Each structure stands twice: as C-alpha cells, then as structure tokens.
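Peer 1: Sequence:
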Amino acid sequence: MAELELKAQIQEAEDAVKEAEEALEMAKAAGVDVEELEAELEEAKAALKKLQEAFAK
Numbered sequence: 000m001a002e003l004e005l006k007a008q009i010q011e012a013e014d015a016v017k018e019a020e021e022a023l024e025m026a027k028a029a030g031v032d033v034e035e036l037e038a039e040l041e042e043a044k045a046a047l048k049k050l051q052e053a054f055a056k
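Residues in the sequence shown are numbered from 0 upward in steps of one, following numbering that gives the first Met the number 0.
Just so you know, the hints here were simulated from the structure itself, not pulled from any lab data.
Keep in mind that this is a model prediction, so the values were computed, not measured.
Here a beta-carbon is modelled for each residue, glycine too, at the ideal position from N, C-alpha and C.
Please note that the accuracy of each hint is not assured.
Below, in silico cross-link-like pairs of lysine to aspartate or glutamate (DMTMM-like), each with a Cα-Cα straight-line distance of 25 Å or less [claimed, not checked]:
(1) K44 / E20
(2) K44 / D14
(3) K48 / E37
(4) K56 / E21
(5) K17 / D32
(6) K56 / E37
Here are the in silico distance ranges between beta carbons for each label pair [said to hold, decoys possible]:
(7) L3 / K27: 33 to 39 Å
(8) E11 / E37: 20 to 26 Å
(9) A38 / E2: 17 to 23 Å
(10) A55 / K17: 18 to 24 Å
(11) L36 / K56: 27 to 33 Å
(12) L3 / A29: 35 to 41 Å
(13) G30 / L3: 26 to 32 Å
(14) E2 / L23: 17 to 23 Å
(15) K56 / A28: 36 to 42 Å
(16) E35 / D14: 18 to 24 Å
(17) K56 / A29: 39 to 45 Å
(18) K56 / Q10: 14 to 20 Å
(19) L47 / K27: 20 to 26 Å
(20) E24 / K49: 22 to 28 Å
All chains, please: the whole structure from these sequences, using the hints.
Peer 2: Shown next as structure tokens:
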C-alpha cells in the first residue's frame with residue numbers, strides 16, 4: 000500500500016514539475032522575470048530526482 004501511495008506521489012510531483020516548466024516558459028515569453036522561480040524549480044527537480052533514485056533501489 001505504501002509503495003503504491005509513494006508511486007502516486009512521485010507521479011504527481013513529476014506532473015507538477017512539467018506544469019511549472021510550462022508556466023515558467025509562458026511567463027518568460029510574456030516578459031516576466033522568472034529567475035528566482037527557475038531556481039526554486041531546479042531545487043524541486045533535484046529533490047524529485049533523489050526521491051526517484053531512492054525509490055528505484
């Protein structure tokens with residue numbers, strides 16, 4: 000049960016990252032300064048990668 004729940008949470012996080020990337024691209028295209036948000040997204044992506052690696056073991 001916990002494994003399925005963790006898989007679902009990882010998938011949700013992956014989806015959220017994709018949505019955030021798309022939103023940042025749209026904001027950047029509109030001339031919005033997204034530098035700080037991009038840095039935060041990179042941190043989130045790194046954390047997600049660590050979670051994925053830990054789960055794969």
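Peer 1: Regarding the pair K44 and E20, is the alpha-carbon distance no greater than 25 Å?
Peer 2: 10 Å, holds
Peer 1: Given the hint of 22 to 28 Å, is the C-beta distance from E24 to K49 inside that range or not?
Peer 2: For E24 and K49 the Cβ distance comes to about 25 Å; the hint holds.
Peer 1: Below or equal to 25 Å on CA atoms is what counts here, so check K56 against E37.
Peer 2: With a Cα-Cα distance of about 29 Å, the restraint between K56 and E37 is violated, given a limit of 25 Å.
Peer 1: Are E11 and E37 spaced within 20 to 26 Å by their CB atoms?
Peer 2: 21 Å, holds
Peer 1: Does the hinted range 17 to 23 Å hold for E2 and L23 at CB?
Peer 2: Because 32 Å falls outside the window, the suggested range is violated.
Peer 1: Go ahead and decide if the range 35 to 41 Å is satisfied by the Cβ distance of L3 to A29.
Peer 2: Since L3 and A29 have Cβ atoms about 39 Å apart, the given range 35 to 41 Å holds.
Peer 1: Does 18 to 24 Å hold as the CB distance between E35 and D14, or does it fail?
Peer 2: 22 Å, holds
Peer 1: A range of 27 to 33 Å was offered for this pair. Does it hold for the Cβ distance of L36 and K56?
Peer 2: The hinted range 27 to 33 Å holds for L36 and K56, with Cβ atoms some 31 Å apart.
Peer 1: Next pair to validate is K48 with E37; report whether the Cα-Cα distance is within 25 Å.
Peer 2: 16 Å, holds
Peer 1: Take the C-beta atom of L3 and the C-beta atom of K27, compute their distance, and say whether it sits inside 33 to 39 Å.
Peer 2: Once the Cβ atoms are compared, 36 Å apart, the range 33 to 39 Å for K27 and L3 holds.
Peer 1: I want to verify a distance hint. Is the separation of the beta carbons of K56 and A29 within 39 to 45 Å?
Peer 2: Roughly 41 Å apart at Cβ, these two residues keep to the hinted range, so it holds.
Peer 1: Against the range 18 to 24 Å, how does the distance between the Cβ atoms of A55 and K17 compare: consistent or not?
Peer 2: 20 Å, holds
In the structure shown, a violation is registered for the earlier hints numbered 4, 6, 9, 13 and 14, in ascending order.
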